[in-house]
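Chemist: What follows is each chain in one-letter form.
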Amino acid sequence: MRNAAKKIYITLIFIFLYAPIVTLIVLSFNASKSRAKWGGFTLKWYQNLFKNQDILNALWNTLLIAFLSAFIATVIGTIACIAIQSMKKRNRTILIGITNIPMLNAEIVTGISLMLLFIVLGMNFGFLTILLAHITFNIPYVILSIMPRMKQLNPSTYEAALDLGASHMKAFFSVTFPDILPGILSGFLMAFTMSLDDFIITHFTKGPGIDTLSTKIYTEVKKGIKPEMYALSTLIFLTVLVLLILVNRSPKEKDV
Amino acid sequence: MKDVLVNLEHISKSYGNQLVLDDLNLYIRENEFLTLLGPSGCGKTTTLRILGGFEQPDKGRVIFEGQDITNLPANKRQLNTVFQKYALFTHMTIAENIAFGLKIKNKSKSYIDDKIKYALKLVNLDGFEKRMPDSLSGGQQQRIAIARAIVNEPKLLLLDEPLGALDLKLRQDMQYELIRLKNELGITFIYVTHDQEEALTMSDTIVVMNQGYIQQIGSPERIYNEPENAFVADFIGDSNIIGATMIRDRLVEILGAKFDCVDEGFGENKPVDVVIRPEDVMLVKPEEGTIEGVVTHLIFKGVHYEMEVMAAGFEWLVHSTQMCAVGTKVGIKVDPFNIQIMNKPESEDEEAAKLDE
Amino acid sequence: MNKKMLSLPYLFWCAAFILIPLFMVVYYGITDKTGAFTLENICAIATAEHSKALWISILLSLISTLICLLLAYPLAMILAHMNVNQHSFVVLIFILPMWMNFLLRTMAWQTLLEKSGVINSVLEFLHLPALNIINTPSAIILGMVYNFLPFMVLPIYNSLTKIDPNVINAAKDLGANGFDTFIRVTLPLSVPGIISGITMVFVPALTTFVISTLLGGSKILLIGNVIEQEFTQTGNWHLGSGLSIVLMIFILFNMILSAIFDKDGEGNTL
Chain A
0 MRNAAKKIYI TLIFIFLYAP IVTLIVLSFN ASKSRAKWGG FTLKWYQNLF
50 KNQDILNALW NTLLIAFLSA FIATVIGTIA CIAIQSMKKR NRTILIGITN
100 IPMLNAEIVT GISLMLLFIV LGMNFGFLTI LLAHITFNIP YVILSIMPRM
150 KQLNPSTYEA ALDLGASHMK AFFSVTFPDI LPGILSGFLM AFTMSLDDFI
200 ITHFTKGPGI DTLSTKIYTE VKKGIKPEMY ALSTLIFLTV LVLLILVNRS
250 PKEKDV
Chain H
0 MKDVLVNLEH ISKSYGNQLV LDDLNLYIRE NEFLTLLGPS GCGKTTTLRI
50 LGGFEQPDKG RVIFEGQDIT NLPANKRQLN TVFQKYALFT HMTIAENIAF
100 GLKIKNKSKS YIDDKIKYAL KLVNLDGFEK RMPDSLSGGQ QQRIAIARAI
150 VNEPKLLLLD EPLGALDLKL RQDMQYELIR LKNELGITFI YVTHDQEEAL
200 TMSDTIVVMN QGYIQQIGSP ERIYNEPENA FVADFIGDSN IIGATMIRDR
250 LVEILGAKFD CVDEGFGENK PVDVVIRPED VMLVKPEEGT IEGVVTHLIF
300 KGVHYEMEVM AAGFEWLVHS TQMCAVGTKV GIKVDPFNIQ IMNKPESEDE
350 EAAKLDE
Chain E
0 MNKKMLSLPY LFWCAAFILI PLFMVVYYGI TDKTGAFTLE NICAIATAEH
50 SKALWISILL SLISTLICLL LAYPLAMILA HMNVNQHSFV VLIFILPMWM
100 NFLLRTMAWQ TLLEKSGVIN SVLEFLHLPA LNIINTPSAI ILGMVYNFLP
150 FMVLPIYNSL TKIDPNVINA AKDLGANGFD TFIRVTLPLS VPGIISGITM
200 VFVPALTTFV ISTLLGGSKI LLIGNVIEQE FTQTGNWHLG SGLSIVLMIF
250 ILFNMILSAI FDKDGEGNTL
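Residue numbers (numbering that gives the first Met the number 0), protein chains in the order written: chain A, 0 to 255; chain H, 0 to 356; chain E, 0 to 269.
A hint or two may mislead.
[To be verified] Pairs of lysine-lysine, BS3-like flavour, derived with a Cα cap of 27 Å:
1. E/Lys161 <-> A/Lys221
2. E/Lys32 <-> A/Lys32
3. H/Lys84 <-> A/Lys150
4. H/Lys58 <-> H/Lys106
5. A/Lys88 <-> E/Lys161
6. H/Lys104 <-> H/Lys116
7. H/Lys106 <-> H/Lys120
8. H/Lys154 <-> H/Lys108
9. E/Lys114 <-> A/Lys36
10. A/Lys36 <-> A/Lys221
[What the hints assert, rightly or not] Rough simulated footprint, nothing fancy, chain A against chain E, three-plus residues with beta-carbon under 8 Å:
11. 208 to 221
12. 235 to 245
Think of the hints as simulated: they come from the structure by calculation, not from any bench.
Backbone N, C-alpha and C define an ideal beta-carbon position, used for all residues, glycine too.
Next comes chain A alone, as it looks inside the complex (with noise of 0.2 Å):
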């Protein structure tokens, strides 16, 4: 009896959650223009998605930043973690509270204050402004997803490479990046994954002549929006679905 209550409070968040989704693979599949009407089964808005140069342009943009953004993101953070874990206690609990400052705070203020850096620093608003933007929101995500893994360390490890004869450069690669590996993976995804996501920093740090897919959709809400993006939409979720679902089978059959 409890169970089932459990079961089914569980289903109907889940599909809180996902009827969104569902909702616009199935609008994807809409021959009427009308987001309010089913017109009937179509494969031709993804036909025309391929010859839509505007989309191809966001969607290019958007990985490409993402990517560019979680990458360097990734690096800056695993340097700070490594200079944040030798500090003193105090500046440590400095340093990490103003790293987690983008993230606690509401994403219009960032967006704002590093607009005003840019008009400050005259600085022409386009690809450099929205990745650098995008860079300074990831870091934080990078460095909460290390910094557990980098606690967990056994300082000794480190210093019995040294004392092995291994250079600090050497000690580092070969010992301290496998442990915390698996932090930097999950940073990058995920900061890959807010990247992607991000509407409002983007919103104040870009210029006239460049979009990513979350401003170009923004931008096209009032007029309607093009049943090309739900298509788009659907082949970008449901490859990650695939990609998650390859992912979690495999070592799972390894045990088996």
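Assemble the complex: chain A is given as a structure, and chains H and E must be docked to it using the hints.
Modeler: For chains H and E alone, kept in the frame of chain A given last:
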């Protein structure tokens, strides 16, 4: 004989397809200090959890003071548990931790305050009321966990490896402390441990368990001096376990040499196992011994020397206050009453003994 | 060795892209177009139009936070009692939707909520009254709950899985029934997760301008909408910054609250 407090009848329990307890029968008398002793995975903790009400047995009954409490939830049972790693409420002060059970029972404030004072005094931590658990050392947290349990005046206190997380010196102190507490409070203790020394020091009765079966129940002296099978002999202290043949009553042939012993009733020319404790092996001049051998290893252990003697193809473990240098030829002698004869174990025990190595 | 040197690039980054930009917001907020010091931009929050927007924002975000908490706590408890090695699966369920653009997902609620939309068709089929909440504050609350629920579930879930099962057993052992155990032990021990969840839902809900634009029609202006317009349409950065400072005071208060309860920063893990 004192009254029986708890009776476990035909208890079986399995997780998935792994059998943890198989038809376990055990009774505990009032005011007894009973220890469940065995290697990890032997079923001792599961037995304790079934007593505490945190697990339901698949089969069998738990009888407490004559009443069947098998299906009684943990919060309704007249007994308390001291958990592994203490399980203190970290968000409460020490006083609040100790008062927890009494508040649930709606005791008056003055009663609770008195009890807290009394319990803290009992565990030698007066004045710790306002402290938080995190600020205490492991040994202190352990005492609080005990205080939290005993203020409820349980008939039976269950202790699940309570000293496992403490260092050696502290563990020894706490052993004496626990014996003192038990004597002062006059309640029954069931104690779970994998540490044979702890079990020998504190218990009235030891229950040696392995792979879900009880191997032997008895007083510490009996368990040590007269192990019933190779597993018990091997698990409790160091020992020489040797395959032998019982030639007739009071005479056993070990490694081709005939030893006098005191056991009877095993039959004639019957294969048996013998247990000889290392401190019972006497090293004498070669010609005076029953078997001749050569010392192969020698280590100084403080109270005694530990030596290994190769004799008749068997490596004998010997504890002695007299030193024999490596290479010395010696004779081995054993007093008849120090030879413990055991039936060959049944297949399961044999397996268990092997697994333990 | 040169570990001190290692921290330099990051310190530089923090200064350049976190601290200085925030300082700029403060600077713009307390100056006028000529650069002279003024408190006018901050005091502008008191005007009828702005205070109304702030008030609605606070109200809607508080309601959404509360709903999130009520929905998330039982969910987190159920998830925490599930198989231990399903941790990554739990996180996945909540992260996966992020791979579908959040603007589109929020837009999809329009389709679902419309007068003749999916939800109303289902309600009609069940002979239940129709739900007409599109372009109302209720729709905005729904959008907030939908978008921010994961931020409530995950910290609570994390704090619940950290509780030693023996501590729960100890409470039962000492005579507490299920309800007592929950009130006296489980709930207090999960407070860090709750506080962290509240922070992570309240701040984005208070400051959003997207959800109100997408689901509230253009009738309802939240404080986020006001600030966004000052920056992208009116172009009065000083006023926008002044109002942002007011927002930051709320955020700061929230951060202090969470810092007090969450000393190790554990609950923040996504």
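Chemist: It remains to establish, for every hint, whether it holds in the given structure.
Modeler: Hint-by-hint comparison with the structure:
{"no.": "1", "hint": "E/Lys161 <-> A/Lys221", "in the structure": "46 Å, violated"}
{"no.": "2", "hint": "E/Lys32 <-> A/Lys32", "in the structure": "47 Å, violated"}
{"no.": "3", "hint": "H/Lys84 <-> A/Lys150", "in the structure": "22 Å, holds"}
{"no.": "4", "hint": "H/Lys58 <-> H/Lys106", "in the structure": "37 Å, violated"}
{"no.": "5", "hint": "A/Lys88 <-> E/Lys161", "in the structure": "25 Å, holds"}
{"no.": "6", "hint": "H/Lys104 <-> H/Lys116", "in the structure": "18 Å, holds"}
{"no.": "7", "hint": "H/Lys106 <-> H/Lys120", "in the structure": "20 Å, holds"}
{"no.": "8", "hint": "H/Lys154 <-> H/Lys108", "in the structure": "23 Å, holds"}
{"no.": "9", "hint": "E/Lys114 <-> A/Lys36", "in the structure": "12 Å, holds"}
{"no.": "10", "hint": "A/Lys36 <-> A/Lys221", "in the structure": "18 Å, holds"}
{"no.": "11", "hint": "208 to 221", "in the structure": "holds (count 4)"}
{"no.": "12", "hint": "235 to 245", "in the structure": "holds (count 4)"}
When each numbered hint is compared with the structure, violations occur for hints 1, 2 and 4.
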